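Colleague: Residue numbers (this note's numbering), protein chains in the order written: chain A, 3 to 407; chain B, 274 to 576.
Please note that the accuracy of each hint is not assured.
Unchecked claim - With a Cα cut of at most 27 Å, we get these calculated BS3-like pairs of lysine-lysine:
| hint | chain 1 | residue 1 | chain 2 | residue 2 |
| --- | --- | --- | --- | --- |
| 1 | B | 391 | B | 379 |
| 2 | A | 318 | A | 10 |
| 3 | B | 288 | A | 401 |
| 4 | A | 400 | B | 325 |
| 5 | B | 325 | A | 236 |
| 6 | B | 425 | A | 250 |
| 7 | A | 94 | A | 193 |
| 8 | B | 288 | A | 400 |
| 9 | B | 369 | B | 399 |
| 10 | B | 379 | A | 250 |
| 11 | B | 369 | B | 379 |
| 12 | A | 250 | B | 325 |
| 13 | B | 399 | A | 236 |
| 14 | B | 373 | A | 250 |
| 15 | A | 250 | B | 369 |
| 16 | B | 404 | A | 318 |
| 17 | B | 325 | A | 397 |
| 18 | B | 383 | B | 404 |
| 19 | A | 400 | B | 373 |
| 20 | A | 236 | B | 369 |
| 21 | B | 510 | B | 540 |
| 22 | B | 425 | B | 298 |
| 23 | A | 236 | B | 373 |
| 24 | A | 250 | B | 383 |
| 25 | A | 236 | B | 423 |
| 26 | A | 90 | A | 193 |
| 27 | A | 401 | B | 325 |
| 28 | A | 236 | B | 288 |
| 29 | B | 453 | B | 299 |
| 30 | B | 423 | A | 250 |
| 31 | B | 404 | A | 236 |
| 32 | A | 350 | A | 122 |
Stated by the list, open to error - A few chain B residues that face chain A, going by a derived Cβ cut-off under 8 Å, partial list only:
| hint | residue |
| --- | --- |
| 33 | 343 |
| 34 | 351 |
| 35 | 355 |
Said to hold, decoys possible - Now the in silico label distances, taken between C-beta atoms and shown as ranges:
| hint | chain 1 | residue 1 | chain 2 | residue 2 | range |
| --- | --- | --- | --- | --- | --- |
| 36 | B | 361 | A | 14 | 23 to 33 Å |
| 37 | B | 327 | A | 96 | 49 to 59 Å |
| 38 | A | 375 | B | 327 | 54 to 64 Å |
| 39 | A | 394 | B | 336 | 26 to 36 Å |
Read the hints as simulated data drawn from the structure, not as lab findings.
Everything numeric in this text was worked out from a predicted model, so none of it was measured.
Cβ atoms here follow ideal geometry from the backbone N, Cα and C, with glycine treated the same way.
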Amino acid sequence: MIKTIVKKDLKLFFSDKKSVIITFILPILLISLFAFAFGGIGSSEELIKIDLLIVDLDKTPESKALQQSLDSIKGINLIATTIEKASKAVIKGKYVAVLVLQKGYAEAVKTNNAIPLELKYDQSREIEVGMLQAVLMEKLMQKLSKKAITKNIANYLDKEFAGMAPSMKNKILTGALSDEYTEQSSFVNFKMTAILKVEGEKPNYGLIQAVAGTAIMMLLFSIAEIGGGLLDEKEGGTLKRLLQSPLKPREILFGKMGAALIIALLQLLVMFLFAWIAFGLPIFNDIISLLVLIFAVAFAVASFGIFLVSIARTRKQLSGLSSMIILTMSAIGGSMIPLFAMPAIMQKIAVISVNYWGIQGFYDIFARSLSLVELLPRIAVLLGIGLVMSMISLKLFKKNLLKLV
Amino acid sequence: MIQVRELSKTFGAFKAINNISFNVKKGEIFGLLGPNGAGKSTLINIMSSVIKADLGTISLNGIGLSTHTNESKSIIGIVPQEISLYENFSAYENLKFFGKLYGIDKAVLKKRMEEILKLIGLENRKNDLIKTYSGGMKRRINIAAALLHKPKILLMDEPTVGVDPQSRNQIFEVVEQLNKQGVTIIYTTHYMEEVVRLCNTIAIMDNGKIIAQGTLEELQNQTKSNDQVEIVFEEIKVEQKEAIIKEFSFPITFQNNKMKSTCDLNKILTYCVRNQIEINGIHQEKVTLENIFLELTGKSLRD
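Extracted from the complex, chain A is given alone in its bound form (with noise of 0.2 Å):
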């Protein structure tokens, strides 16, 4: 009897060909995603670039031969550009940082004084820019301490052993110039500048990673949830008799989406305000640029709902659908892990991604402290995104009407 039991499902899940295909292929293109957008972490540089800028102030053959030096750093993608430029791009957090050769660069190196490099970061960015650091430092050093060791030994022998045999001499700075010996010497120093300094207490970036990347990944399930209400009403009789009265299939649309945003700017503020009292995030800094691209979010994922719906004709479908959409959007717009830590193409596809604007736009308000007007662009795309959503939706919505009674 079990035998008859187990053969009989069997024979139904194989005969739902979309429940196939979303049991085998939804997590094997999942896992393939998370792969390449998770390969990142713990691999080797070539995975992991950061763009730095670089502007040179010295423009000495000197100064071309340490970028062209820090241009072959496998884990560093150099840009140059004015000093102008690159502040600019700093403080609108398209990169981590600048590295300006100071005028005078050339000549410090020739004389063996403080080499003048200044890096100029973006303060909020703070993993970021100590990744950067490390880079850095390391090839400086191997590029500059070996030259200033040797000038020093060179006057040190010149002083004290005036007298002393130039073959000696030669053996003796030979041994000084070993790789061990100038990768341990702490000559390269460069000053560090804040472009975009954090005010007050430091941001935990764990915490406004951890609450804005599963608050907008958990809003997009609930919303499509919600949404799907539209299914149950077809299945239910209910649509039918909302398309009988004198509705217009716009509005019946419209007012989906309209509860759906109602719902989704409350999960928000409840998910903020639980963040705030459980874990100190401080909503309070900014609760204006907060409520404004909150709302924004909750617009852009209510639309994002209401297209789901208007693509799916059962609940079964739309549940298969909204986890493959809404799973492959937050990998890539780093709902799951910060974006950094990602592939660089990763991070130049998360643009498409709904979760990207949100999060970044959290970031802005929590730890760059930007302003409400500073933030305008990334409100700006995601009610775009919500508009373009809102329209496509009610494009298909009346193509599949038919089909929907």
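Since chain A is already given, all that's left is putting chain B on it; use the hints.
Modeller: Chain B alone, transformed into the frame defined by chain A:
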């Protein structure tokens, strides 16, 4: 009141409605009788503007359906075949919501809901959730939701499907009451006893076409089928029975002294008089819609 002219609707290669025309007079109950798949629900969907016809016109109280959709919707009430109610709302909440869709004033709506709940006999259960209702009760609320805006025309699409006889009777009483109040009703069903009880005019529909329409008497007169006759003889011998069977081509059955047949009564009476066969009693039943449908389509209504 309602004029349907040369209406057609196709879904892909399937012709759901094939060039149908009919008129419904004001205050009439017009029955649309046909088996499942005849096109009744498609017709209702077109008349309620859920879908558009490919060809033809519909005029409701002088208003063109396709050109004045909103106006038309305000004078039509639709009772769909499915129970179209929110199960987690009470009857009152359902009616309030559907009433608001028609822009009915709050106070007017409240009064109207009370009237309708009384009409359908559910005023004491108005605050109970729909999911606690029996099938028959749900059907009555389903009807009630279509009446809130006082429609002049009511489209009822198989309103008694899956309902027990008692609830069905209650629904019939509601329909009759509404008709007395002047509502014109189009009533679709595949139960002939319903059209016989309720409808002034009947249209028989099959495969997207109206194959006959008229009053029951007109339909019975149109048909070639004979009435069902039962004759009780004083005394009839075996050889006389055999002779009768041999004489007439229509089916005849005997049970003791009782004869049943769908025969021409005049012919059988003439034969009995001529052959001095004494008759004790005669019972005649007019031809049924089932017979009419069978004659017109070659299949039973319930096939």
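Colleague: Look at each hint and say if it fits the structure.
Modeller: Evaluation of the provided hints:
{"no.": "1", "hint": "B/391 / B/379", "in the structure": "holds (19 Å)"}
{"no.": "2", "hint": "A/318 / A/10", "in the structure": "holds (20 Å)"}
{"no.": "3", "hint": "B/288 / A/401", "in the structure": "holds (21 Å)"}
{"no.": "4", "hint": "A/400 / B/325", "in the structure": "holds (13 Å)"}
{"no.": "5", "hint": "B/325 / A/236", "in the structure": "holds (19 Å)"}
{"no.": "6", "hint": "B/425 / A/250", "in the structure": "holds (22 Å)"}
{"no.": "7", "hint": "A/94 / A/193", "in the structure": "holds (22 Å)"}
{"no.": "8", "hint": "B/288 / A/400", "in the structure": "holds (23 Å)"}
{"no.": "9", "hint": "B/369 / B/399", "in the structure": "holds (11 Å)"}
{"no.": "10", "hint": "B/379 / A/250", "in the structure": "holds (22 Å)"}
{"no.": "11", "hint": "B/369 / B/379", "in the structure": "holds (9 Å)"}
{"no.": "12", "hint": "A/250 / B/325", "in the structure": "holds (14 Å)"}
{"no.": "13", "hint": "B/399 / A/236", "in the structure": "holds (25 Å)"}
{"no.": "14", "hint": "B/373 / A/250", "in the structure": "holds (14 Å)"}
{"no.": "15", "hint": "A/250 / B/369", "in the structure": "holds (19 Å)"}
{"no.": "16", "hint": "B/404 / A/318", "in the structure": "holds (23 Å)"}
{"no.": "17", "hint": "B/325 / A/397", "in the structure": "holds (18 Å)"}
{"no.": "18", "hint": "B/383 / B/404", "in the structure": "holds (22 Å)"}
{"no.": "19", "hint": "A/400 / B/373", "in the structure": "holds (23 Å)"}
{"no.": "20", "hint": "A/236 / B/369", "in the structure": "holds (20 Å)"}
{"no.": "21", "hint": "B/510 / B/540", "in the structure": "holds (20 Å)"}
{"no.": "22", "hint": "B/425 / B/298", "in the structure": "holds (12 Å)"}
{"no.": "23", "hint": "A/236 / B/373", "in the structure": "holds (20 Å)"}
{"no.": "24", "hint": "A/250 / B/383", "in the structure": "holds (25 Å)"}
{"no.": "25", "hint": "A/236 / B/423", "in the structure": "holds (26 Å)"}
{"no.": "26", "hint": "A/90 / A/193", "in the structure": "holds (19 Å)"}
{"no.": "27", "hint": "A/401 / B/325", "in the structure": "holds (13 Å)"}
{"no.": "28", "hint": "A/236 / B/288", "in the structure": "holds (24 Å)"}
{"no.": "29", "hint": "B/453 / B/299", "in the structure": "holds (12 Å)"}
{"no.": "30", "hint": "B/423 / A/250", "in the structure": "holds (21 Å)"}
{"no.": "31", "hint": "B/404 / A/236", "in the structure": "holds (18 Å)"}
{"no.": "32", "hint": "A/350 / A/122", "in the structure": "holds (23 Å)"}
{"no.": "33", "hint": "343", "in the structure": "holds (6 Å)"}
{"no.": "34", "hint": "351", "in the structure": "holds (5 Å)"}
{"no.": "35", "hint": "355", "in the structure": "holds (3 Å)"}
{"no.": "36", "hint": "B/361 / A/14: 23 to 33 Å", "in the structure": "holds (29 Å)"}
{"no.": "37", "hint": "B/327 / A/96: 49 to 59 Å", "in the structure": "holds (56 Å)"}
{"no.": "38", "hint": "A/375 / B/327: 54 to 64 Å", "in the structure": "holds (56 Å)"}
{"no.": "39", "hint": "A/394 / B/336: 26 to 36 Å", "in the structure": "holds (34 Å)"}
When the structure is compared with the earlier hints, no violation turns up for any of them.
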